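One line per chain: the protein sequences are A and B, in this order. According to this note's numbering, the first sequence holds residues 1 to 347 in order. According to this note's numbering, the second sequence holds residues 1 to 347 in order.
Incorrect hints may appear among the rest.
Just so you know, same-sequence chains aren't split out, so a pair can sit in one copy or run between any two.
[As the list claims (entries may be wrong)] As a list, the in silico SDA-like pairs of lysine to any residue whose alpha-carbon atoms are at most 25 angstroms apart:
hint: 1; residue 1: Lys242; residue 2: Gly38
hint: 2; residue 1: Lys189; residue 2: His243
hint: 3; residue 1: Lys189; residue 2: Pro154
hint: 4; residue 1: Lys189; residue 2: Gln314
hint: 5; residue 1: Lys199; residue 2: Lys303
hint: 6; residue 1: Lys164; residue 2: Pro33
hint: 7; residue 1: Lys68; residue 2: Ser330
hint: 8; residue 1: Lys306; residue 2: Gly166
hint: 9; residue 1: Lys199; residue 2: Lys242
hint: 10; residue 1: Lys164; residue 2: Ser223
hint: 11; residue 1: Lys242; residue 2: Gly36
hint: 12; residue 1: Lys296; residue 2: Ser136
hint: 13; residue 1: Lys306; residue 2: Met261
hint: 14; residue 1: Lys242; residue 2: Ile34
hint: 15; residue 1: Lys242; residue 2: Thr135
hint: 16; residue 1: Lys68; residue 2: Ser137
hint: 17; residue 1: Lys307; residue 2: Pro191
Source of the hints: derived by calculation from the structure; they are not laboratory data. Keep in mind it's a predicted model, so treat the numbers as computed, not measured.
Protein chains: 2
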Amino acid sequence: MSPTRRQARLTRLREFELLQSLPRRFSTQGLHPIVGIGDDAAVLPSATSQQVVISTDLLVEDIHFSRKTATMYDIGYKAAAANLSDIAAMGAIPTAIFVAIALPPSFIEEDWPEFYRGLAVPCKPFKVQLLGGDTSSSPTSLFIAITIMGQVAPGHFLTRHGAKNGDLIYVSGTLGDSTAGLAYLNQFKRPPKSAIRSKPMKYLVQRHLQPTARVVLGELLASQPYASAAIDLSDGLSGDLKHLCRHSQVGALIYSEQIPMSQQMQHYAKRIRATPLHWSLHGGEDYELLFTIPPKWQHELEKVAKKRRLPITQIGVIQPQRFGVRIEHSDHTRHVLPQRSYEHFSP
Amino acid sequence: MSPTRRQARLTRLREFELLQSLPRRFSTQGLHPIVGIGDDAAVLPSATSQQVVISTDLLVEDIHFSRKTATMYDIGYKAAAANLSDIAAMGAIPTAIFVAIALPPSFIEEDWPEFYRGLAVPCKPFKVQLLGGDTSSSPTSLFIAITIMGQVAPGHFLTRHGAKNGDLIYVSGTLGDSTAGLAYLNQFKRPPKSAIRSKPMKYLVQRHLQPTARVVLGELLASQPYASAAIDLSDGLSGDLKHLCRHSQVGALIYSEQIPMSQQMQHYAKRIRATPLHWSLHGGEDYELLFTIPPKWQHELEKVAKKRRLPITQIGVIQPQRFGVRIEHSDHTRHVLPQRSYEHFSP
């Protein structure tokens with residue numbers, strides 16, 4: 001392709017042409033739409049035995065991501081993962097996505113299929129279909145808004161408001177990895193991903209750019225009577241635990257020593273004189289699940305999770321609302337959990 | 001409110017606070033969500049006898065609207081109307097919307113409720129509920145993505161692909177008004193709406209800023225076996241007729257003399273030496289419906305439409321695909337209908 005064509009700007013490309021050129025990377029299995037992409041709207045079959053779960057997420061360039069640290073493939077991948085994570089937090093099975101995207105003049109023709117290539121990857125295992133969207137030029141930044149739909153058996157969903165005093169607080173995976181990956185990437189002026197040779201750094205960068213939504217765990221938690229409440233960790237543990245507590249009208253005590261952290265994150269934090277606990281408490285975009293369960297389910301859930309290789313860790317116990325949200329350190333001192341909301345990507 | 005507070009920028013306002021402060025202007029009747037706004041996702045009841053219709057629309061500042069010509073109320077109003085129009089074009093009944101909005105630093109605190117106040121107005125008659133969304137700061141432009149849901153009785157929806165050779169082509173309302181209103185507004189540097197005294201100009205500006213989605217007509221067309229295909233006129237008649245023909249694999253002949261134009265638009269076009277026919281053929285954002293019906297339904301549909309005061313006009317006849325898309329003028333000359341895609345707001 002000639003340099004001129006390479007730099008051809010997408011602003012004048014018609015939406016129809018864009019949609020036509022879209023690689024057929026999305027599943028055509030799963031949900032059977034009656035009208036799919038390309039009409040004024042999609043039409044879905046009536047799902048007699050299922051409830052519809054729906055969520056919208058917004059990703060803005062230089063707020064949620066930067067093209068300095070992420071390729072268009074990464075941006076698509078993460079956009080899908082962030083949305084799948086909302087569905088996971090409801091304990092639902094994702095079925096379809098709708099993508100609205102505004103493309104700035106700096107967008108080149110190759111970026112388009114790269115974005116969709118990335119978007120399709122986390123969708124594929126769940127047979128999530130791309131059923132619609134809208135495309136526009138943007139005078140400035142790249143904007144992406146994704147609406148995702150899922151389904152649950154009636155009543156079998158998780159919300160933020162069911163946690164009760166005495167319930168155990170769990171998280172999946174390890175926390176702070178995404179922030180560590182971002183701290184590393186922020187040194188660069190262009191996405192360095194393919195050039196990163198160190199395995200631990202590759203891991204952390206992967207955790208930041210291509211997080212895994214905990215759809216399987218969410219489904220498990222909702223299909224059994226295990227979880228009383230759940231939320232996905234997009235803003236960081238401190239912020240999201242407070243969201244969950246506010247919705248459930250409870251307090252919480254978490255133990256700093258029990259917060260799961262990866263070796264890779266801890267080593268890298270030490271190297272750049274950052275505090276691992278700080279990253280794991282306040283770092284966002286891990287897209288792990290934070291959930292609560294009544295103590296009677298602890299043994300059974302841990303057994304099932306182990307069998308299904310779903311990493312979960314108890315980090316605390318729900319308290320009465322007047323207790324507030326506190327953290328206990330290894331020396332048994334307790335402090336109010338400081339709130340420091342995650343600011344996503346800050347340029 | 002002090003000038004300092006007036007100018008307080010919204011960028012740091014938390015999404016939760018924004019949602020909490022949202023005026024309760026939306027219907028709480030209609031659909032009964034099981035989980036509403038504020039959780040990771042909304043949960044809708046299983047609709048045993050209805051099919052779900054869903055569409056996403058994107059509005060970008062200085063592409064689709066300008067804060068020079070529209071207030072935040074207008075922007076909200078039109079965002080809702082544009083989305084309702086997609087649902088109308090499917091013949092569905094709108095039920096719920098989800099709003100993703102990225103707010104630039106120039107956004108002031110008062111803008112927020114104004115946007116939602118405008119958004120709620122076209123939603124109210126149909127009991128459309130606001131069920132979720134996402135809010136973010138934006139480094140530059142205001143960006144709005146709306147996902148709208150609706151419902152139809154199984155099979156009773158309209159698509160772009162059912163038009164057959166010999167079907168009659170109809171449009172609702174009058175065409176080109178929105179473009180005339182925009183042409184007038186483009187002279188100003190600030191939204192002049194409330195200061196416009198001339199009734200014809202008020203009408204045209206209203207048609208541009210606060211269009212009416214043809215939900216009632218769409219529902220009528222889909223509930224009876226009248227319409228073979230439908231599309232809403234967002235890009236302009238020339239572009240959208242071609243979309244419909246392409247999807248239906250047919251051609252079309254329209255008659256320039258039959259295209260419905262308002263007196264106000266024709267007078268204003270004359271005044272500024274613009275061509276009314278050009279505006280009505282290529283002007284976008286009228287949000288009228290373009291639809292086709294088999295000739296046998298003509299009499300009954302026109303009778304019902306008249307009774308229900310739904311203005312519809314036959315403008316042409318569907319042809320075989322090889323005929324292409326043509327326009328016949330008053331002197332009986334026929335030309336290929338030129339395509340000139342509407343560029344929304346061009347700064």
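Outcome of the hint check:
{"no.": "1", "hint": "Lys242 to Gly38", "result": "between (41 angstroms within a copy, 14 angstroms between copies)"}
{"no.": "2", "hint": "Lys189 to His243", "result": "neither (35 angstroms within a copy, 43 angstroms between copies)"}
{"no.": "3", "hint": "Lys189 to Pro154", "result": "neither (48 angstroms within a copy, 53 angstroms between copies)"}
{"no.": "4", "hint": "Lys189 to Gln314", "result": "neither (39 angstroms within a copy, 59 angstroms between copies)"}
{"no.": "5", "hint": "Lys199 to Lys303", "result": "neither (31 angstroms within a copy, 74 angstroms between copies)"}
{"no.": "6", "hint": "Lys164 to Pro33", "result": "between (40 angstroms within a copy, 23 angstroms between copies)"}
{"no.": "7", "hint": "Lys68 to Ser330", "result": "neither (39 angstroms within a copy, 58 angstroms between copies)"}
{"no.": "8", "hint": "Lys306 to Gly166", "result": "within (23 angstroms within a copy, 65 angstroms between copies)"}
{"no.": "9", "hint": "Lys199 to Lys242", "result": "neither (34 angstroms within a copy, 54 angstroms between copies)"}
{"no.": "10", "hint": "Lys164 to Ser223", "result": "within (19 angstroms within a copy, 48 angstroms between copies)"}
{"no.": "11", "hint": "Lys242 to Gly36", "result": "between (39 angstroms within a copy, 19 angstroms between copies)"}
{"no.": "12", "hint": "Lys296 to Ser136", "result": "neither (52 angstroms within a copy, 40 angstroms between copies)"}
{"no.": "13", "hint": "Lys306 to Met261", "result": "within (18 angstroms within a copy, 69 angstroms between copies)"}
{"no.": "14", "hint": "Lys242 to Ile34", "result": "between (41 angstroms within a copy, 23 angstroms between copies)"}
{"no.": "15", "hint": "Lys242 to Thr135", "result": "between (36 angstroms within a copy, 19 angstroms between copies)"}
{"no.": "16", "hint": "Lys68 to Ser137", "result": "both (20 angstroms within a copy, 19 angstroms between copies)"}
{"no.": "17", "hint": "Lys307 to Pro191", "result": "neither (37 angstroms within a copy, 63 angstroms between copies)"}
The structure is inconsistent with the numbered hints 2, 3, 4, 5, 7, 9, 12, 17, although it conforms to all the rest.
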